[in-house]
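Undergrad: This is what each chain is made of:
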Amino acid sequence: MATYLLEIGLEDMPAHVVTPSVKQFAQKAGQFLKDNHLDYETINTYSTPRRLTIEVLGLAAKQADTEEDVKGPAKKIAQDAAGNWSKAAIGFTRGQGMTVDDIEFRELKGIEYVYLHKQTAGKPASAILPGLVDVIKSLTFPTRMKWGSYDFEYIRPIHWLVSLLDDQVVPMQLLDIKAGRRTEGHRFLGHPVDLKQASDYVEALRGEKVLVDADERKALIKAQIEKIATDNQWQIDLDQDLLEEVNNLVEWPTAFAGRFDEKYLEIPEAVLITSMKDNQRYFYARDQAGKMVNAFIGVRNGNADHLDNVIRGNVKVLTARLEDAAFFYAEDRKKTIAQFVDRLKTVSFHDKIGSMTEKMARVKTIAGLLADHVGLADADKQKLLRAASIYKFDLVSAMVGEFAELQGVMGEVYATLAGEDPAVAQAIREHYEPISADGALPQSTIGTLLAIADKFDSVMSFFAVDLIPTGSNDPYALRRQAYGIVRMVAAQHWQFDVSALQKQVVAQLTQNDQLAGLDWGKNQAAVADFFRDRVGQFLGTGKIRHDILDAVQNAPTVDVTGMIDAAKILTAHQDDPDFKATMEALGRVLRIADKDPQNVAVNVALFENSTEKALHDAVSTVKADFDAQPSEANYQALRGLTAVITDYFTETMIMADDKQVRTNRLAELTGLASLIQQFGDITAVIVK
Amino acid sequence: MTRKEEAMSKKMSVQKMIQTLQNFWADKGCMLMQAYDTEKGAGTMSPYTFLRAIGPEPWAAAYVEPSRRPADGRYGENPNRLYQHHQFQVVMKPSPENIQDYYLDSLRALNIDPLEHDIRFVEDNWENPSMGCAGVGWEVWLDGMEVSQFTYFQVVGGLEVSPVTSEITYGVERLASYIQDVNSVFDLEWGDGVLYGDIFKEPEYEHSKYSFEESDQDMLLKFFDAYEKEAWRLMDLGLVHPAYDYILKCSHTFNLLDARGVVSVTERAGYLSRIRKMAHKVARAFVEERKKLGFPLLKHQVEEAD
Chain H
20 MATYLLEIGL EDMPAHVVTP SVKQFAQKAG QFLKDNHLDY ETINTYSTPR RLTIEVLGLA
80 AKQADTEEDV KGPAKKIAQD AAGNWSKAAI GFTRGQGMTV DDIEFRELKG IEYVYLHKQT
140 AGKPASAILP GLVDVIKSLT FPTRMKWGSY DFEYIRPIHW LVSLLDDQVV PMQLLDIKAG
200 RRTEGHRFLG HPVDLKQASD YVEALRGEKV LVDADERKAL IKAQIEKIAT DNQWQIDLDQ
260 DLLEEVNNLV EWPTAFAGRF DEKYLEIPEA VLITSMKDNQ RYFYARDQAG KMVNAFIGVR
320 NGNADHLDNV IRGNVKVLTA RLEDAAFFYA EDRKKTIAQF VDRLKTVSFH DKIGSMTEKM
380 ARVKTIAGLL ADHVGLADAD KQKLLRAASI YKFDLVSAMV GEFAELQGVM GEVYATLAGE
440 DPAVAQAIRE HYEPISADGA LPQSTIGTLL AIADKFDSVM SFFAVDLIPT GSNDPYALRR
500 QAYGIVRMVA AQHWQFDVSA LQKQVVAQLT QNDQLAGLDW GKNQAAVADF FRDRVGQFLG
560 TGKIRHDILD AVQNAPTVDV TGMIDAAKIL TAHQDDPDFK ATMEALGRVL RIADKDPQNV
620 AVNVALFENS TEKALHDAVS TVKADFDAQP SEANYQALRG LTAVITDYFT ETMIMADDKQ
680 VRTNRLAELT GLASLIQQFG DITAVIVK
Chain L
253 MTRKEEAMSK KMSVQKMIQT LQNFWADKGC MLMQAYDTEK GAGTMSPYTF LRAIGPEPWA
313 AAYVEPSRRP ADGRYGENPN RLYQHHQFQV VMKPSPENIQ DYYLDSLRAL NIDPLEHDIR
373 FVEDNWENPS MGCAGVGWEV WLDGMEVSQF TYFQVVGGLE VSPVTSEITY GVERLASYIQ
433 DVNSVFDLEW GDGVLYGDIF KEPEYEHSKY SFEESDQDML LKFFDAYEKE AWRLMDLGLV
493 HPAYDYILKC SHTFNLLDAR GVVSVTERAG YLSRIRKMAH KVARAFVEER KKLGFPLLKH
553 QVEEAD
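First to last, the protein sequences are chains H and L.
For the first sequence, my numbering begins at 20 and goes up steadily by one.
For the second sequence, my numbering begins at 253 and goes up steadily by one.
Isolated chain H (complex conformation):
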């Protein structure tokens, strides 16, 4: 059993690339060994910003021997009547590295064929391993680059390769780099080192001030930070993402604490955290009471020598940032919310659409409609309307001008300082959420309604000026915003009929004289389809069958929650024994029903057989409860109609010669179809 080490030495990789890449390396190398029948026990990974390494343990000395039977041409082609071997037979055996003497015949489905029993002796590991150079080349990365004069792309320039099978170099070459036993130590603290054998790797590099074991390195950073925290009686929020990033920025970590002037603690916490954590990759600290302290913890890529220099430099950088922030905070606090809001008149939301002030006015209108729609209590509605009247004000604050990522966050801070209701302040922060496809949703109902109103206005207004996303081109992130609405509506289980809401909104904007000269009517169908696709996207992330997805996406009205419910219900019943019969019966109704329903009342006097009466009575019963009860009950009610529908179609000729009778029957089915369509176009559902 042998140990094989393969290290790729590179210029500093992006921190977020390191861990996934080394995992990918191990996975692909493992696959390579399996494909080549080279047995091994396990693969260890090591990684730093400058190296991706795999260590294969328990590696077999050679490939397993293989035996297989290879089928050749039929006997009548392989031999002539006299028993002489044909060219085909000779060629076949040669191709397998054998001779005609090795041929045996076997019968397969009544015909005799040439067979070779092939035994292949396994090659030694050292003959297989050089092929791993193709695994190195095959690694994929989020960004790739070229360097020098090479026509080759990788995450960063490659500088060295170590390829050691126990104590022997397994040769391979990539560009001008020949693999060997020499690896590099820490960039400043270490030296190049020749490894005697593969298993020396971790300890040899430890001697050169590189901790190649990422888990060990991370544990050390954690312990160092915790020690500093304990010594100072601080509490640290050991953010896992930050820890992972910091871990992949260093080869030899030394944590240190720096202190900044206490006066900067007057700056809102969110700003302090952004400055420390996001801009400088520091951990921030709190005292035992949970109050932020004027200190930070950074991690140096090096040892403790001259740490004072490092601390002084970091304090200086942070101080410059905080000084700016303090200035902006002081400037902002001289202004009232009303003054900020007033300045929004001069801020363009989009030059084809209008100003921020106009947008806020529309959003307030939409928010009001939504509040009534979901039955929001009046006191909460007033808070929502207050929030909608001011919610973009922080965009013109100096702080957000500098720290754009704090939009909304500063709005909450400044609104609170100005004495706004906490619910109003919270909604201002929350209205940006979700900020990504799987980002957190607003916690409060008021924040959710403001977020929906803001996003719905964005989608509607950009569509109104023909700025509709196409292909990969979605500069205003309208897909993300519409998807956010779908998620929020689904989470709240609010009924949300896109077309109906659009009509209400346009009517109300018209009444309020807030149309701003835009043609709100022209792309309304496109807006509905846009939401249809987002619902599909939302359901596509769950385990919904494609045909069911097609069915609900083709519902005549884009009722977001209704569509989602329908998909879930159809999915829940897709394996029921009577699912097929139900879908077939209901689908038959949809196919024949009028696509463009005229509201024709059914005349019972025109019935000619008992199944007509039976269906009419059954549908009337179902219809009576339909709007008031949950979708599942509706599904059960429709399912209960299966037998009645089947009887009806057996006994009744829909396309009767008598026009009155025919129209009456179509009216009956169209009425029923409008109920079935709550589950979309179920004719798309595939039943076997």
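For the record, the hints were derived by calculation from the structure and aren't laboratory data.
Among the clues, some could well be false.
DSS-like mimics (lysine-lysine), calculated; alpha carbons at most 27 Å apart, straight line [to be verified]: (1) H:LYS246 / H:LYS310; (2) H:LYS215 / H:LYS142; (3) L:LYS474 / H:LYS197; (4) L:LYS280 / H:LYS371; (5) H:LYS94 / H:LYS142; (6) L:LYS453 / H:LYS335; (7) L:LYS461 / H:LYS354; (8) L:LYS280 / L:LYS551; (9) H:LYS310 / H:LYS241; (10) H:LYS364 / L:LYS461; (11) L:LYS461 / H:LYS353; (12) L:LYS280 / L:LYS263; (13) H:LYS53 / H:LYS95; (14) H:LYS81 / H:LYS142; (15) H:LYS371 / L:LYS529; (16) L:LYS280 / L:LYS268; (17) H:LYS587 / H:LYS642; (18) H:LYS90 / H:LYS241; (19) H:LYS42 / H:LYS90; (20) L:LYS263 / H:LYS335; (21) L:LYS263 / L:LYS453; (22) H:LYS90 / H:LYS137; (23) H:LYS335 / L:LYS268.
Here are some, though not all, of the chain L residues that point toward chain H, as calculated from beta-carbon distances under 7 Å [as the list claims (entries may be wrong)]: (24) LYS268; (25) ILE270; (26) ALA278; (27) PRO346; (28) LEU367; (29) PHE373; (30) ASP376; (31) TRP378; (32) GLY396; (33) MET397; (34) GLN406.
Even for Gly, the Cβ is constructed at its ideal location relative to N, Cα and C.
With chain H held as given, fit chain L onto it using these hints.
TA: This is chain L only, laid out in the frame that chain H set:
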């Protein structure tokens, strides 16, 4: 006091710092060029970088580039923000194998010993959409402060480049503030006891005043159109370098308009797209021109290899 401590105690002036970097990179084979005399936002926009990064010919140059960013002006009142700052620019094509080591050695030449500091290469992929440029690289952090930008160009003027140019941009004021340990750039010693503020504070105020309050928008809009027209006319005549000067003028004029806050989001995209179209065109024209000449600098590469 050891000699090193002596060197450290006498803070290196800005001009000494520039001289040191010039000497260092000249020894690495860079030609010392001078700042290019048309207004621009960054050293990358000098023809010694933008044009020379395109095409197969080798190139190695180092120069100081005064870089104007009207929107960053602060009337000389902010200790770290400037209308005009200085970049020390190093471009080498093809990128040398040990360019990272060269860079670290250049810091040592400035008496910054990596063992006494924390130096990191933090991912930062650089993009200049208006010039159709993109590259991959890092911000270099010195004790947490970004002191340089390090880029391997991948696309220049919309063209994929090969060989690849490495670009190192030192922020002169940033690095000097660190070396001289001052909190305001205006307190830096430029040379011989003369302070940065003595030279630049008044121009900073005046340029800020002009950019934010006094610039004639109508005139600038007319200038932009005229410069653009001239650039296209010159490109049609095959006059690549004069055309490029007018593209730079368009870029600076746009930056002045932007600083006045009169450019909306969409208009902004429109202007940037107009500049990008010219940058793409001039990049192609430059390669054509060099091709007609038989890529003369390739000869130099062969001789050097011999």
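Undergrad: It remains to establish, for every hint, whether it holds in the given structure.
TA: Hint check:
Taken as a hint, the LYS246 of chain H and LYS310 of chain H pair is honoured in the structure, with Cα atoms around 19 Å apart against an allowance of 27 Å. Distance hint between LYS215 of chain H and LYS142 of chain H is fulfilled; the C-alpha atoms sit about 25 Å from each other, no more than 27 Å. For a cut-off of 27 Å, the pair hint linking LYS474 of chain L to LYS197 of chain H is broken: about 59 Å separates their Cα positions. Between the alpha carbons of LYS280 of chain L and LYS371 of chain H the distance comes to roughly 53 Å, so the proposed pair goes past 27 Å and is violated.
Restraint check: the Cα-Cα separation between LYS94 of chain H and LYS142 of chain H comes to about 33 Å, which exceeds 27 Å; the hinted pair is violated. Of the pairs offered as hints, the one joining LYS453 of chain L and LYS335 of chain H holds, with about 23 Å between alpha carbons and a cut-off of 27 Å not exceeded. Proposed proximity of LYS461 of chain L and LYS354 of chain H is supported: the alpha carbons are some 24 Å apart, at most 27 Å. Annotation: proposed proximity of LYS280 of chain L to LYS551 of chain L holds, straight-line Cα distance about 19 Å (limit 27 Å).
Of the supplied pair hints, the one linking LYS310 of chain H and LYS241 of chain H holds, its CA atoms being roughly 21 Å apart against a limit of 27 Å. As the CA atoms of LYS364 of chain H and LYS461 of chain L are separated by approximately 24 Å, the hinted pair is consistent with the 27 Å bound. Restraint check: the Cα-Cα separation between LYS461 of chain L and LYS353 of chain H comes to about 23 Å, which is no more than 27 Å; the hinted pair holds. Pair hint LYS280 of chain L plus LYS263 of chain L holds up; C-alpha atoms about 25 Å apart against a cutoff of 27 Å.
About 39 Å separates the Cα atoms of LYS53 of chain H and LYS95 of chain H, which puts this hinted pair outside 27 Å; it is violated. As the CA atoms of LYS81 of chain H and LYS142 of chain H are separated by approximately 5 Å, the hinted pair is consistent with the 27 Å bound. With a C-alpha separation of about 23 Å, the suggested pair LYS371 of chain H and LYS529 of chain L falls inside the 27 Å cut-off, and the hint holds. Of the pairs offered as hints, the one joining LYS280 of chain L and LYS268 of chain L holds, with about 18 Å between alpha carbons and a cut-off of 27 Å not exceeded.
Straight-line distance between C-alpha atoms of LYS587 of chain H and LYS642 of chain H comes to about 22 Å, which keeps the hinted pair within the 27 Å bound. With a C-alpha separation of about 61 Å, the suggested pairing of LYS90 of chain H with LYS241 of chain H is violated against the 27 Å cut-off. Between LYS42 of chain H and LYS90 of chain H the alpha-carbon distance is near 40 Å, which puts this suggested pair outside the 27 Å criterion. For a cut-off of 27 Å, the pair hint linking LYS263 of chain L to LYS335 of chain H stands: about 18 Å separates their Cα positions.
For the given pair, LYS263 of chain L sits about 21 Å from LYS453 of chain L by alpha-carbon distance, which is consistent with the 27 Å threshold. In summary, the hint linking LYS90 of chain H to LYS137 of chain H is supported, as the alpha carbons are separated by about 10 Å, within the 27 Å threshold. Under the criterion of a C-alpha separation no larger than 27 Å, the hint pairing LYS335 of chain H with LYS268 of chain L is consistent with the structure, at around 23 Å. With a cut of 7 Å, the hint placing LYS268 of chain L at the interface with chain H is violated, because the nearest CB-to-CB distance is about 21 Å.
At a threshold of 7 Å, the smallest CB-CB gap from ILE270 of chain L to chain H is about 22 Å, leaving the interface hint violated. Residue-level restraint check for ALA278 of chain L is violated (minimum Cβ-Cβ distance to chain H is 22 Å; threshold 7 Å). Because the beta carbon of PRO346 of chain L sits about 4 Å from the nearest beta carbon in chain H, less than 7 Å, this interface hint is met. A hinted interface residue such as LEU367 of chain L counts as satisfied when its beta carbon comes closer than 7 Å to some beta carbon of chain H; here the least separation is about 6 Å, so the hint holds.
At its closest, the beta carbon of PHE373 of chain L sits 4 Å from a beta carbon of chain H; the interface hint therefore holds under the 7 Å criterion. Given hint, ASP376 of chain L at the interface with chain H, is violated; its Cβ is 9 Å from that chain's nearest Cβ, farther than 7 Å. A cut of 7 Å between beta carbons decides the hint on TRP378 of chain L: the least distance to chain H is about 12 Å, and the hint is violated. Satisfaction of the interface hint for GLY396 of chain L is found here, the shortest Cβ-Cβ separation to chain H being roughly 4 Å, below the 7 Å cut-off.
For MET397 of chain L, the interface hint holds, the least distance from its beta-carbon to any beta-carbon of chain H being 4 Å, beneath 7 Å. A cut of 7 Å between beta carbons decides the hint on GLN406 of chain L: the least distance to chain H is about 6 Å, and the hint holds.
Violation of the numbered hints given earlier is confined to hints 3, 4, 5, 13, 18, 19, 24, 25, 26, 30, 31; the remaining hints are satisfied by the structure.
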